[in-house]
Amino acid sequence: MTGGERSEEEERTGHAGRERREDQQLKVKLKRGAEDEEEEEEEIHMMVSFRDKDRNKPTDGDTLLSSSVCRGGGDEDEVRISLITVDDESCPSEPFGSAHIDPANPRLQTDEGGKGDEREERNEEEEANREEREQQQMKRKLDHGPDGRPFPSGKKHCKGNGFLSPSSLAQATPTTFGDLRLANGLSAQRRRVTSDSPPSGLQDWLLTFQTWSGPERLLALDELIDRCETSQVKHVMQIIEPQFQRDFISLLPKELALYVLTFLDPRDLLRAAQTCRYWRILAEDNLLWREKCREEGISECLLHRRRECVRPGAAISPWKSAYIRQHRIETNWRNGDEREPMVLKGHDDHVITCLQFSGDLIVSGSDDNTLKVWSAITGKCLRTLTGHSGGVWCSQMTVATVISGSTDRTLRVWDAESGECVHTLYGHTSTVRCLHLHGNRVVSGSRDTTLRVWDVLTGRCEHVLTGHVAAVRCVQYDGRRVVSGGYDYMVKVWDPETEVCLHTLQGHTNRVYSLQFDGAFVVSGSLDTSIRVWDAETGGCIQTLTGHQSLTSGMELRDNILVSGNADSTVRVWDIRTGQCLHTLQGPNKHQSAVTCLQFCRGLVLSSSDDGTVKLWDLRTGAWLRDVVALQSRGSGGVVWRIRASDTRLVCAAGSRNGTEETKLLVLDFDLDDEKKEADTK
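Per the UniProt record's numbering, the sequence shown starts with residue 1, numbered consecutively.
Some hints here could point you the wrong way.
Label-pair restraints from in silico Cβ distances [said to hold, decoys possible]:
(1) Asp360 / Gly439: 18 to 28 Å
(2) Asp575 / Ser389: 41 to 51 Å
(3) Asp575 / Glu241: 44 to 54 Å
(4) Asp575 / Gly540: 15 to 25 Å
(5) Gln580 / Cys461: 37 to 47 Å
Within a straight-line C-alpha distance of at most 25 Å, the following computed SDA-like cross-link-like pairs (lysine to any residue) qualify [as the list claims (entries may be wrong)]:
(6) Lys345 / Gly379
(7) Lys590 / Arg602
(8) Lys234 / Leu224
(9) Lys380 / Val343
(10) Lys380 / Thr398
(11) Lys345 / Ala630
(12) Lys292 / Gln243
(13) Lys380 / Thr648
(14) Lys234 / Glu223
(15) Lys664 / Ala630
(16) Lys292 / Ser636
(17) Lys345 / Thr378
(18) Lys254 / Asp268
(19) Lys345 / Ile377
(20) Lys292 / Arg558
(21) Lys292 / Leu258
(22) Lys254 / Leu270
(23) Lys254 / Arg294
(24) Lys590 / Asp337
(25) Lys292 / Ile324
(26) Lys345 / Ser375
(27) Lys380 / Ser418
(28) Lys254 / Lys292
(29) Lys664 / Arg649
(30) Lys292 / Gly603
(31) Lys234 / Glu216
(32) Lys254 / Ser231
(33) Lys664 / Thr401
(34) Lys590 / Ser636
(35) Lys664 / Thr384
(36) Lys664 / Val399
(37) Lys254 / Cys276
(38) Lys664 / Leu361
(39) Lys380 / Thr370
(40) Lys292 / Arg328
Note that these hints are calculated values from the structure, not bench results. Every residue, glycine too, gets a C-beta built ideally from N, C-alpha and C.
Work the whole structure out from these sequences, hints included.
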């Protein structure tokens with residue numbers, strides 16, 4: 001080969017090498033808005049950065065970051081970002097600086113000199129190799145900036161020279177460089193099909209497509225997809241998918257992002273916290289969870305108890321902890337995840353006639369003339385309250401004060417901590433059958449037909465209410481009015497200060513055994529099988545609830561929802577404003593004998609029965625959930641006389657009428673986390 005031929009060959013080789021280097025260093029595509037092709041596009045500027053800013057030329061291993069913004073005639077812009085790794089072979093000899101592209105003449109222009117040669121179309125094999133290299137480079141650079149520094153953790157605003165976090169960059173580029181249409185109209189570069197030329201008629205079809213209405217466009221897209229092959233549909237998915245993976249929450253101010261999250265229910269909020277680090281920070285916001293707790297009726301009391309259990313230094317929101325704890329407790333109630341019940345024995349074979357439960361103390365009264373104070377935590381009997389000379393028939397307690405009424409015609413005020421009898425209240429001439437405590441006053445009803453109002457602190461009788469002509473069986477007191485029901489078929493509303501009977505509520509045709517009073521409405525249950533709802537201010541009967549077949553022995557009222565237990569073995573749920581029976585809790589799993597006691601709160605109903613069981617029901621649906629307690633002697637004499645429940649515990653007084661079951665208290669704890677459950681199984 002002659003010298004001239006070698007020179008000509010080297011010139012051709014050098015020219016091809018320069019073209020390859022230019023192709024590896026810069027990727028420039030022009031995008032024109034389909035809406036208005038005639039509008040002139042702005043000039044594109046590209047800035048090239050080096051790892052070492054002190055050097056004027058990149059060397060082997062350096063990374064170049066090139067970016068471009070194409071502003072079209074429409075309302076959308078296109079942002080392109082490319083990462084290029086330089087090797088010795090592709091390192092240009094001339095210094096790099098700023099560069100620009102003339103949209104009308106797409107040639108590379110540099111500050112240092114002249115125009116570059118016009119590019120040639122790459123073949124498909126070169127395009128595939130280049131994209132593979134770019135994917136590998138992007139994977140290496142996800143966690144580092146263009147200057148080699150790690151990306152800052154957490155959320156960063158993409159302003160100026162700021163970096164995107166690795167997580168947001170990864171979400172933004174699920175395929176090659178991905179394609180995203182952002183809230184501000186920007187869209188990242190997306191994968192395009194390399195083609196020699198667009199099909200004829202494409203632009204006309206696109207212009208026609210834009211003239212159609214929304215429904216017409218959807219129909220056209222449906223028809224188009226039906227005619228696509230699998231590979232073509234997959235390509236469309238790669239373009240569309242990233243549009244739905246944009247972390248819009250991270251683009252919002254924190255206050256607005258928190259406002260958006262308030263529309264999630266707590267279960268979805270917990271799931272959102274697992275999305276990424278920044279979402280977790282938002283989802284841990286204490287005020288956000290305080291609002292969720294308020295919506296669920298979770299009290300400050302539960303929050304304070306939870307704080308005692310939180311490890312020092314724990315970053316979790318106290319309100320979130322309270323919510324999670326409450327959710328776990330409700331799940332344990334429904335699913336039966338509780339410890340084996342503690343068994344408390346002490347009243348021998350006598351009947352437990354009354355039961356109270358407050359905080360960590362349980363007080364049981366019996367026809368053995370005593371009351372016993374128990375620890376709900378350890379199950380130990382802390383005190384035995386002795387002094388009555390007859391059976392204890394009723395009791396009330398608040399904090400550490402216990403009041404009891406007996407067949408010996410007296411009431412006694414006890415200090416539960418010391419077991420001391422503080423006051424003995426004399427005045428009734430027959431059995432004290434019922435009482436109700438409010439603040440420092442207690443109202444008692446007796447078989448002597450009278451009611452008495454007592455000061456608990458002094459032990460003095462302040463008022464005597466007379467008017468019933470038979471035994472007083474039940475009483476309610478809200479601090480302002482006294483309501484009493486008796487064996488004379490009547491319900492009376494009293495002003496205790498003046499000792500005047502304001503209303504005599506007549507309508508029942510048999511003894512009144514149960515009462516509920518919320519200040520506005522009086523609800524009475526009778527042996528005549530009916531339940532009546534009265535207006536406490538006017539004394540008028542608003543509703544008569546019929547459906548039970550026997551004595552209504554117990555009721556619970558919350559707002560307009562009444563739950564009644566009856567000797568006909570059923571429990572009914574009523575709306576007292578409409579008089580409608582919402583649910584009858586029966587079916588294959590219903591009680592087989594008289595209902596003795598009931599409680600309801602937080603959408604659950606508990607009922608006990610002479611059949612020796614305690615059943616749990618769903619208040620909203622009326623469905624039986626499970627038997628919480630089932631005595632071994634159930635069906636053959638075992639009885640659950642009384643139940644008392646808190647958010648976390650259930651206390652049952654059980655025994656039998658024929659000696660088949662010993663008298664005892666059962667305490668079930670539902671406030672168990674996974675650690676406690678594992679400890680219990682060991």
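Here is what the structure says about each hint:
| no. | hint | result |
| --- | --- | --- |
| 1 | Asp360 / Gly439: 18 to 28 Å | holds (22 Å) |
| 2 | Asp575 / Ser389: 41 to 51 Å | holds (46 Å) |
| 3 | Asp575 / Glu241: 44 to 54 Å | holds (50 Å) |
| 4 | Asp575 / Gly540: 15 to 25 Å | holds (18 Å) |
| 5 | Gln580 / Cys461: 37 to 47 Å | holds (43 Å) |
| 6 | Lys345 / Gly379 | holds (9 Å) |
| 7 | Lys590 / Arg602 | holds (21 Å) |
| 8 | Lys234 / Leu224 | holds (14 Å) |
| 9 | Lys380 / Val343 | holds (10 Å) |
| 10 | Lys380 / Thr398 | holds (20 Å) |
| 11 | Lys345 / Ala630 | holds (18 Å) |
| 12 | Lys292 / Gln243 | violated (31 Å) |
| 13 | Lys380 / Thr648 | holds (19 Å) |
| 14 | Lys234 / Glu223 | holds (16 Å) |
| 15 | Lys664 / Ala630 | holds (14 Å) |
| 16 | Lys292 / Ser636 | violated (47 Å) |
| 17 | Lys345 / Thr378 | holds (13 Å) |
| 18 | Lys254 / Asp268 | holds (19 Å) |
| 19 | Lys345 / Ile377 | holds (15 Å) |
| 20 | Lys292 / Arg558 | holds (21 Å) |
| 21 | Lys292 / Leu258 | holds (13 Å) |
| 22 | Lys254 / Leu270 | holds (18 Å) |
| 23 | Lys254 / Arg294 | holds (22 Å) |
| 24 | Lys590 / Asp337 | holds (22 Å) |
| 25 | Lys292 / Ile324 | holds (11 Å) |
| 26 | Lys345 / Ser375 | holds (12 Å) |
| 27 | Lys380 / Ser418 | holds (15 Å) |
| 28 | Lys254 / Lys292 | holds (18 Å) |
| 29 | Lys664 / Arg649 | holds (16 Å) |
| 30 | Lys292 / Gly603 | holds (17 Å) |
| 31 | Lys234 / Glu216 | holds (23 Å) |
| 32 | Lys254 / Ser231 | violated (42 Å) |
| 33 | Lys664 / Thr401 | holds (23 Å) |
| 34 | Lys590 / Ser636 | holds (17 Å) |
| 35 | Lys664 / Thr384 | holds (15 Å) |
| 36 | Lys664 / Val399 | holds (23 Å) |
| 37 | Lys254 / Cys276 | holds (15 Å) |
| 38 | Lys664 / Leu361 | holds (16 Å) |
| 39 | Lys380 / Thr370 | holds (16 Å) |
| 40 | Lys292 / Arg328 | holds (15 Å) |
The structure does not agree with the numbered hints 12, 16, 32 stated previously, though it agrees with the rest.
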